[in-house]
Every structure is written in structure tokens, then in C-alpha cells.
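Chemist: Listed below, chain by chain, are the residues.
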Amino acid sequence: MDKNLKEHLMSYLLGRLSCQDVAEIITEYLEGAMSLSNRIRFHMHLGMCRDCRNYLEQMKATVQTLGKLPPEPISPHVREELLRRFQHWKKG
Amino acid sequence: MLFFEWLTIALALPVIPPGRDESELLDGLRKGDEQAFAEAVDRYSGSLLRVAMAYVPSQAVAEEVVQETWMGVFEGLSRFEGRSSFKTWLFTILTNRAKTRGTRESRYVAFAEKTGSEDDDEWGGVDLDSFIQSGSKAGHWIEPPHAWDHGTPERLALSKESREQIEQAIEALPATQRQVITFRDLEGLSSDEVCNILQVTETNQRVLLHRARSRVRRTLAQYVKGDLG
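Protein sequence lines, in the order shown, are assigned to chains A and B.
FYI, the numbering used here numbers position 2 of the first sequence as 531, with every residue one higher than the one before it.
FYI, the numbering used here numbers position 68 of the second sequence as 93, with every residue one higher than the one before it.
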């Protein structure tokens with residue numbers, strides 16, 4: 530049997546995921562929303578594919594980076610205005 | 026260290042009151058304590074502004090929305106039962122005000138059209154040109170992702186240049202994706218909280234998050250590659 534054909538047949542039988550499939554469902558995995566069978570296939574792919582392991586780590590690092598970005602404070606005049614309105618509200 | 030030496034140092038240190046926890050802050054607000062209000066404003070307004078920017082087209086309008094949100098807090102404080110966290114409650118008020126404000130602003134329409142909505146964003150969160158599309162290697166990476174070292178998030182968050190890249194990438198997102206990634210990844214809200222605030226299904230929220238994160242990751246990957254190269 531042709532080697533490529535054999536590989537395709539095995540992928541089909543095992544329900545193997547491609548790298549593109551992994552990239553498409555990675556958030557489902559990170560969100561813990563993946564079915565058990567897909568999770569197994571996902572892990573099988575990662576076990577064999579360093580590129581996708583790197584991709585997963587990059588996605589996690591992206592989330593971590595975003596979580597480290599502090600918000601910019603509001604401008605001092607808005608803050609002053611808010612405190613003034615609070616005093617007004619308290620009196621009312 | 027001698028006791029007296031320790032005492033001198035201890036007495037010389039300024040007394041910094043520890044930050045109040047959420048319920049203490051709420052008690053203070055209900056009593057009309059100005060200190061508590063100033064603390065609440067300093068603690069949450071930056072986050073509110075960041076979220077407001079995902080709805081309205083300019084910093085000035087976003088600041089007005091933040092002010093309106095705090096007015097909403099004054100009005101609703103006595104009715105707040107604490108079923109959600111104070112921060113989530115603030116975000117709920119903010120999104121309602123921002124949506125009302127957004128539809129009033131003619132510029133918002135232009136903004137919404139320009140950035141599109143989830144319905145007209147056909148992008149599936151994966152660049153097809155990153156993968157081989159035919160032949161025996163179909164579905165494999167054309168240019169495989171590199172390994173980032175463990176300090177990368179820290180380094181990216183500290184670098185002004187990369188922060189600007191991230192901000193631009195987030196600003197360029199369709200409005201709904203921007204809202205979801207801001208709530209989830211910048212503000213750290215849970216999926217349930219975001220679904221409640223935005224009134225979207227979990228699946229819809231996940232799709233928007235996936236597209237948004239994938240786009241930001243792509244920007245960061247280009248930055249990291251250029252930075253290291």
C-alpha cells in the first residue's frame with residue numbers, strides 16, 4: 530500500500546487531528562469545554578507534535594501577558610469631578 | 026536589633042492603612058464615606074475605562090461613561106444585594122450605560138461598521154495561510170510556532186513597545202471580540218460572568234474569545250520573532 534495512503538487511512542481510523550484542527554479548537558481545550566474523545570485526540574496530537582505544543586504555550590503566554598497589563602488610571606480632572614459629585618450626592 | 030532602635034524605626038514609619046476589602050468598601054460607600062469612595066474610584070475606574078473603550082469611539086466619551094457608571098452606583102447602591110461581586114456589578118452598569126451611549130453617538134455607528142460584528146467576521150481564528158492546504162502534508166504548519174521562554178509574558182507586559190502592539194491589536198478587533206477579551210483576559214472575569222454581562226451563550230463567548238486571542242497571539246508572535254531576530 531502507498532505510504533501516504535496508509536498514513537491517511539490511519540489518521541482517519543484514529544480520528545487524528547491536524548495542526549490546523551488543533552489551532553482551531555485550542556480555546557475549547559483551554560476553556561475545558563472539550564469532549565473526552567476530542568481531549569484524547571488533542572493530547573495524542575500534542576504528544577507527537579512539538580510545533581503544536583509551542584502553539585499551546587504561546588496561547589497560554591498570550592493570556593498571561595494580557596492578565597499582567599494594568600489599566601491606565603482615569604485623568605485627575607475626571608477623578609476630581611467624581612469626588613465632587615459624590616459629596617453632592619451625599620448631601621442630597 | 027535593640028528594642029529601642031526597633032521602636033524608633035517603627036514609630037518613624039508612616040501609618041498606611043491597608044486597603045479595605047470589598048464589603049468594607051461597600052459599607053463605607055453606603056455610609057457616604059468619602060475616603061471609601063475615593064478608594065473605590067481609584068481601584069475600579071481604570072478597569073471601567075478600559076471596558077468602556079471597547080464600546081465607544083473615544084477616550085472622552087469613555088470617561089463620560091465611567092462617570093455615568095458611578096452615578097448609577099449612587100442610585101443603585103441601596104438595592105445591590107451582593108449576588109455578584111462589586112466589580113461585576115459595576116461592569117453590568119457600565120455596559121448598559123455604554124450601550125445606550127454608543128447608540129446615541131453617531132460616531133459609534135461608523136465605528137461599529139468599520140470594525141464589524143461577530144456576524145460578519147468570517148475569520149475562524151486560524152490563518153489558513155499558516156497551514157499547508159493540499160497534498161500529503163495538508164494541515165501542517167508552514168512556519169512552525171517557536172518556543173517562547175518562560176519569562177516572555179513578563180517581558181512583553183513590561184515593554185512599552187509590546188504593550189502598544191497589544192493595544193493596537195485589541196483596538197483593531199471587532200467590537201464584540203474586544204469586549205470579550207477585555208473582560209476575560211485583561212480583567213480576569215469568568216466565562217459565566219461574561220456571558221451574564223454580555224447576554225451571550227457560552228459557545229458564542231468562546232468563539233469570540235478564540236478569535237480575539239488568536240489575533241493577539243499572532244501580533245505577539247510577530248513581535249517576539251522580530252524582537253529576538
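These are computed hints drawn from the structure, not numbers from a lab.
Do not rely on the hints blindly, as some may be mistaken.
[Claimed, not checked] Derived pair list, reagent style BS3-like, types lysine-lysine, alpha-carbon separation capped at 30 Å: (1) B:K185 x B:K250; (2) A:K597 x B:K56; (3) B:K56 x A:K619; (4) A:K619 x B:K185.
Chemist: Determine for every hint whether it applies to the structure shown.
Modeler: Comparing the hints with the structure gives:
1. B:K185 x B:K250: holds (17 Å)
2. A:K597 x B:K56: Roughly 34 Å separates the two Cα atoms, so the pair is violated.
3. B:K56 x A:K619: holds (9 Å)
4. A:K619 x B:K185: Outside the cut-off at roughly 41 Å; violated.
Violation of the numbered hints given earlier is confined to hints 2 and 4; the remaining hints are satisfied by the structure.
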